[in-house]
Amino acid sequence: MRKIAAFFNNEFARLLTITVGIFVLMTALRPSTFLTSRNLISMSFQMPEMGMLSLAITLAFITGGMDLSLVGISNLSGICAGLVMSSMLANAANETQVVLLIVLAVVVAAVVGVICGAFNGMLISALRVTPILATLGTMQLYTGIALIITKGSAVVGLPDQFSVIGQGSLGFFPIPMLIFLVSAVLVQFMLNKTKTGIESRLIGTNEKAARYSGISVAKTKLISYMTGGLLAAVGGLIMMSRVNSAKADFGSSYTMQTILIAVLGGVSPSGGKGKVVGVVLAVCTLQFLSSGFNMLRMSQYAKELVWGILLILLVAMLVFGERKEST
Amino acid sequence: MEVSFGKKILGRHETNLALILIVLSVVVSLINPAYFSTANLFKILKSSVEMGIFAIAFLVILILGGIDMSFPAIASASMYITIKLLISGNSEVPLIVPFLIAMAIGAALGALNGVFIGIMGLPTLIVTLGTMSIIKGALLVFVGKNWITQLPNVLIEFSRSNLLASVGDTGESIGLHSSVIILLVVALIVWALLRYTWFGRSIYAIGTNQIAAERDGIACKKTKFIACILSGVLAALAGLIHCSLVRVANPFDIFGTELNVIAAVVLGGASLTGGAGTVGGTLLGVFLINIINNSLILMGIHSYWQKFVVGLIVILSTVFTANRDALRQMLRRNVTSSMETT
Chain A
1 MRKIAAFFNN
11 EFARLLTITV
21 GIFVLMTALR
31 PSTFLTSRNL
41 ISMSFQMPEM
51 GMLSLAITLA
61 FITGGMDLSL
71 VGISNLSGIC
81 AGLVMSSMLA
91 NAANETQVVL
101 LIVLAVVVAA
111 VVGVICGAFN
121 GMLISALRVT
131 PILATLGTMQ
141 LYTGIALIIT
151 KGSAVVGLPD
161 QFSVIGQGSL
171 GFFPIPMLIF
181 LVSAVLVQFM
191 LNKTKTGIES
201 RLIGTNEKAA
211 RYSGISVAKT
221 KLISYMTGGL
231 LAAVGGLIMM
241 SRVNSAKADF
251 GSSYTMQTIL
261 IAVLGGVSPS
271 GGKGKVVGVV
281 LAVCTLQFLS
291 SGFNMLRMSQ
301 YAKELVWGIL
311 LILLVAMLVF
321 GERKEST
Chain B
1001 MEVSFGKKIL
1011 GRHETNLALI
1021 LIVLSVVVSL
1031 INPAYFSTAN
1041 LFKILKSSVE
1051 MGIFAIAFLV
1061 ILILGGIDMS
1071 FPAIASASMY
1081 ITIKLLISGN
1091 SEVPLIVPFL
1101 IAMAIGAALG
1111 ALNGVFIGIM
1121 GLPTLIVTLG
1131 TMSIIKGALL
1141 VFVGKNWITQ
1151 LPNVLIEFSR
1161 SNLLASVGDT
1171 GESIGLHSSV
1181 IILLVVALIV
1191 WALLRYTWFG
1201 RSIYAIGTNQ
1211 IAAERDGIAC
1221 KKTKFIACIL
1231 SGVLAALAGL
1241 IHCSLVRVAN
1251 PFDIFGTELN
1261 VIAAVVLGGA
1271 SLTGGAGTVG
1281 GTLLGVFLIN
1291 IINNSLILMG
1301 IHSYWQKFVV
1311 GLIVILSTVF
1321 TANRDALRQM
1331 LRRNVTSSME
1341 TT
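These protein sequence lines are chains A and B, in that order. Sequential numbering of the first sequence, starting at 1, is according to this note's numbering. Sequential numbering of the second sequence, starting at 1001, is according to this note's numbering.
Treat the hints as calculated values from the structure; they're not laboratory data. It is possible that some hints are incorrect.
Claimed, not checked - Cut-off 25 Å, straight-line C-alpha distance, at most; resulting in silico cross-link-like pairs (BS3-like, lysine-lysine):
1. A:K273 with A:K193
2. A:K275 with A:K195
3. A:K324 with B:K1221
4. A:K195 with A:K273
5. B:K1222 with A:K303
6. A:K208 with A:K195
7. A:K219 with A:K275
8. A:K324 with B:K1222
9. A:K303 with B:K1084
Keep in mind it's a predicted model, so treat the numbers as computed, not measured.
Given these sequences and hints, build the entire structure.
Quick look at the structure:
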């Protein structure tokens, strides 16, 4: 009995139980549609873009911050890359040039993402703006820039080869999933093994103490938000490749869902705590739920209602858990 | 040292805002003389009513130290349910009834926020993101998602009522909409509440330092709970005014306006970190945002730029607010050093 209790006290084990439980529940409710290879494959193509954004917000959460501009960064970098491709595609004579063009577009997206993230980081660290307000403003700013350069219409006319990023498979393994898992491993490495990662945890736990112990708070935060921007840009590329277009207002409901995923994954919004494994499991859980709800013919609004209830429940559990720990 | 009245006025954020407002107005009216017409000024005032009440609702929570993302949902739900109730009742009611119903619903939804934020002490942004999707989802699933174009007669009459009605040079009727009164009353009440009551001072104290406020014997939970209800009531009021001004009850169209509201409040000098912010500053911020949006249109700039401009304003004003004290100190040092050299 005590062993079971200990098992459930372990955060990872608890989350794993939830993930598996929901998978089993959905399978039981809709065995003929949920547990099919077609559904499993389609889920693994939908998961990565949300996953990339969740990794990005995890980085912000760990420093004790928040990033509401991630969806804006995704769209803006996707649009920049899309414009590069659609405007120069006519000049590309052969296959190699098209591939080079795609590489160029990916680099453009990454650069845009890093610049946007750096701007967030600069506002938050050097100019001391509260993360929520700073990224609320930049969300509007990045979406505004995307609107201005596209005039509100979608960027289309992408090369066929580009669809590999969001729709291709390596053998039977979806490429976007591969990108997400590799990114997750890299973020995990960054958080646990590099100086920046460890320092960002310390800053999230107690910023003042971190500063007095000689940690360069501004630099660490800057790198965290820049990495977040880069992850969001990759997410934007995956999303653009999957739907074969880019638009300024794609994925506007993603912000709340990424916060939900991070909190479900055990990342504390007050900073310092969080594991990448938890986030990956939470991404899977939410995808199982979302696909399952679709199969139960729940509307998008009913799903929104459930996400809201879940978010508050989880935050309450997390906060009360932390309070219990500290007393 | 006694600070003279003039100096006191000059150093204030509100004064700076008013100056910016005047300069901007002059510049815009030079570009397009249509700006300084009575009709346009009345139009700006009318469009400031809804945003102004939303901004005050948002301000109350911001002074407490939290970002409230749920007010568009509270406004939509209160407005839509009220209209549905009135239509199903199909009897003529005085104007006060729809407002009372909406505000009661707003109070209940605000209390929902209050339980999580005030009593349980959960982080405001995340809670209100959650309640936003709960309220929005419940509204669209259980109440309805169709537009109601046939509003009750009292509200249509209200939407036509003007305070100062006259006929302009070209024959069009010019009027100051009567909802401006509601904004004025709300602003006065909340201003007095924040400035002169124990409840209002407690809000500032909690926003500045909750632990200190608690030790001073302030009932933090209760104050936060009541503040959430107040904010919900105001949001519902603004929602009902919105629907009667556009003459349709649309459960979707208030969503997306929140950033303009937030921009106005931060522009008005409220800050997240220190229990700061005033009703006067907020109203000036609302006018400024409205004038900017209005003049962008008058200057013929495409509406795609609006989002960008508002975003830029949020960033610039938050940077300014966050570094206000440092800036002041820097200025003071410069002044004293230049005085020493002369």
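Inset, instruction - May I ask which of the numbered hints given earlier this structure violates, with the numbers listed in increasing order? - result: Those not satisfied come down to hint 5.
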